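Peer 1: Next come the chains, spelled out residue by residue.
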Amino acid sequence: MSLEVGILFDSTLCIGCKACSIACKQSHNLPGEPNPDELDAETFTIVKEKDGIFCRNFCRHCLEPACASACPVGALHKTSHGPVLYDSAKCIGCRYCIVACPYNIPRYQWSKQSPLVRKCDFCKELLAQGKEPACANVCPTGATKFGIREDLLAEARERLKSKPDAYFQHIFGEKEVGGSSVLIISAQHISEFGIPVPKITSPLPDLTASYLNKVPAIVAGGGLFLAGIWWLTRRKNQVKKDERQSEQKKNSRE
Amino acid sequence: MNANQSKRKIAENKSRSLLAIALFSAIILAGVYASWLRFSQGLGLTTNLSDKLPWGLWVWLDLGIIAFSSCGFIFCAAYFVFHIESIKPLVRPAVLIAFIGYTMAGLLLIYDLGLPQHFWHPITMWNFHSPMFEISWCLMLYATVLALEITIPVTEGLGLFSLNSFLHKFCAVLASAGVILSLLHQSSFGTLFVITPEKLHPIWYSTWLPYLFLFSAPIGGISFLSILLFLAEYRAGKILNSNLVKILSRALSVVLVFYLALLIADFFKNHKWHLLIQEPKVAGWFSLEILFTIFLPLIILRLPRLKDQRFGLFLSSFLAVFGIALNRLNVVVIGYILENKTFYIPTWQEWSIALMVFIFSVLFIQLIARLFPIFQANAYK
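The listed protein sequences correspond, in order, to chains A and B.
Heads up: the first sequence at position 221 corresponds to 220 in numbering that gives the first Met the number 0, and the numbers run straight through without jumps.
Heads up: the second sequence at position 205 corresponds to 204 in numbering that gives the first Met the number 0, and the numbers run straight through without jumps.
Hints may contain errors.
[Unchecked claim] Okay, derived cross-link-like pairs now, BS3-like style, lysine-lysine, Cα gap no bigger than 30 Å in a straight line:
#	chain 1	residue 1	chain 2	residue 2
1	A	Lys-123	B	Lys-51
2	A	Lys-174	B	Lys-271
3	A	Lys-174	A	Lys-123
4	B	Lys-306	B	Lys-245
5	A	Lys-77	B	Lys-51
6	A	Lys-174	B	Lys-198
7	B	Lys-280	B	Lys-51
8	B	Lys-340	A	Lys-111
9	A	Lys-144	A	Lys-160
10	B	Lys-168	B	Lys-87
11	A	Lys-235	B	Lys-168
12	A	Lys-123	A	Lys-47
13	A	Lys-198	B	Lys-340
14	A	Lys-240	B	Lys-237
To be clear, the hints were calculated from the coordinates, so they are not data collected in a lab.
All values reported here derive from a predicted model rather than from experimental measurement.
So that you can see chain A by itself, here it is in the shape it has in the complex (with noise of 0.2 Å):
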């Protein structure tokens, strides 16, 4: 069994006290005011209202990340047990990212010098230290609730089941894009409250890599075929050559 962690959010035990977008401000000692109408640089996390009911966006820690896949250098990679990380020692700043999210996550630090990019990191110090993260710590009705993946995808299916009125039957991030750590659970379709929900079912990065596979055979193949022409070529250039050569010699003679 999988061990990879994961968080739960149910968006009809949410009650919009924004709690999370708070505590996840003072976890990583981010400026401005919480809950803002979108992410930014300084907001990892938001809860979205649309009449009078909540749902929360921030990076769902894709199983098989585009972000990932997509980063040239390697500065964001998907963690054993789950979180998608940053490393901004090794970040170039080409931003491949953000355009690859299907989720639109990542922001970038547009104001700065020297930006970074920035996300939810699902507060890996505290998971480093055992504890959960800061969003699920001090949900105060279990609305965002942490644990390993496998056992919250079982309760989620378990309360669409027992309570099949009270949800839209889909399991958020189960499936999209090959599923991901952050699983969202709701009364009704989660695109209604602006969150971009992918279509594709199959992992982005898969997308790419069936092209990046044929790098070596390109490489191979087109270096024999190139020196295959190369000689070919020459060689009816030459006996072209020789026979013009001949020729005329021949004519000469006469």
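Add chain B to chain A, keeping to what the hints say.
Peer 2: Here is chain B on its own, set in the frame of chain A:
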């Protein structure tokens, strides 16, 4: 009277070149000021890039320049590997365009990177899953190849004949390396967007984007080289004889037909035809792109009166250059804006840095072409 006329002509030329110098200096000054702002204040204050549109004008220009620079690998391969001797006068101009093109693309990349001081990281920090990683390596290696290739006319011009003949031995190897590296990175610029199936508008998105980029690049390369040669004839005398015009026209037709076939196949495979009628704005940008890239050039190249003619080649090349630039713009910016409901107009800093880089390209091409044997068609006899 004759003396008077030539005096007047000299005076005219003088005032014209003074005007050009003033204009160029103004652009470069603005560019230098904008560069200072860019590097001292960061990207946010000097560009209109945002989390909603992280790639803009500079990335578009990079993609366009790289497509136009594909002439370098095409004509080197045709001459040094395929031994097509009649195209010899095209080889050095093509290498010059590619060399300047890749240099300027690299320069723009330095402006675009958030942490330009880390530009060398891909050398030691590897991620084989990233097309961007592959591109970085190909760009570095191919820039080296082009630097060696441009050294050949430079050493010839400087009279360093032993080094020149030493380099000559490696022409075929360099050209082959150029082909392989170009196949890889020209397609990989398309692969960049394969990972964004739901963020790039479906009319431009395709899992075949690598092939579409690879097959459209030669259109840009051949037509851009043709335009440059027509311009170079002002100073260097006639370069494009009727045989070369015919070769370039036919080559352009062939790559256009290949690209058109691939595009049609892509539309059938990914069921895109309905997109042409669904959203008029999208259809408009797309039609404009293929009209300029494919249909107008193909028609002009096939018209009996213009077929294999200088004017036909010039006109179709001009339109194709515009079309390829528009195609890359659509994939990088327009397709992203339309799908993600965002907006982007570059700032004056972005424009003036781009203009400065353009002026640098013009000046460097002129400088190298004047100092070294690049365009002299007769020097090859």
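Peer 1: Next, verify each hint and record whether it holds.
Peer 2: Hint by hint, here is what the structure shows:
Proposed proximity of A/Lys-123 and B/Lys-51 is supported: the alpha carbons are some 27 Å apart, at most 30 Å. A threshold of 30 Å between alpha carbons decides the hint, and for A/Lys-174 with B/Lys-271 the separation of about 26 Å falls inside it, so the pair holds. This hinted pair checks out: A/Lys-174 and A/Lys-123 have alpha carbons roughly 24 Å apart, not beyond 30 Å. About 8 Å separates the Cα atoms of B/Lys-306 and B/Lys-245, which keeps this hinted pair within 30 Å; it holds.
Restraint check for A/Lys-77 and B/Lys-51: the C-alpha separation of about 24 Å stays at or below 30 Å, so the hint holds. Between A/Lys-174 and B/Lys-198 the CA atoms are separated by roughly 19 Å; this keeps the pair inside 30 Å, and the hint holds. Distance hint between B/Lys-280 and B/Lys-51 is fulfilled; the C-alpha atoms sit about 20 Å from each other, no more than 30 Å. For a cut-off of 30 Å, the pair hint linking B/Lys-340 to A/Lys-111 stands: about 26 Å separates their Cα positions.
For the hint pairing A/Lys-144 with A/Lys-160, the CA-to-CA distance comes to about 18 Å; that is within 30 Å, so the pair holds. The hinted pair formed by B/Lys-168 and B/Lys-87 meets the criterion: a straight-line CA distance of about 17 Å does not exceed 30 Å. Taking the CA atoms of A/Lys-235 and B/Lys-168, the gap is about 20 Å. The hint holds against a cut of 30 Å. The hinted pair formed by A/Lys-123 and A/Lys-47 meets the criterion: a straight-line CA distance of about 24 Å does not exceed 30 Å.
Annotation: proposed proximity of A/Lys-198 to B/Lys-340 holds, straight-line Cα distance about 18 Å (limit 30 Å). The suggested pairing of A/Lys-240 with B/Lys-237 holds, with an alpha-carbon distance near 28 Å, which does not exceed 30 Å.
The structure is consistent with each of the numbered hints, conforming to all of them.
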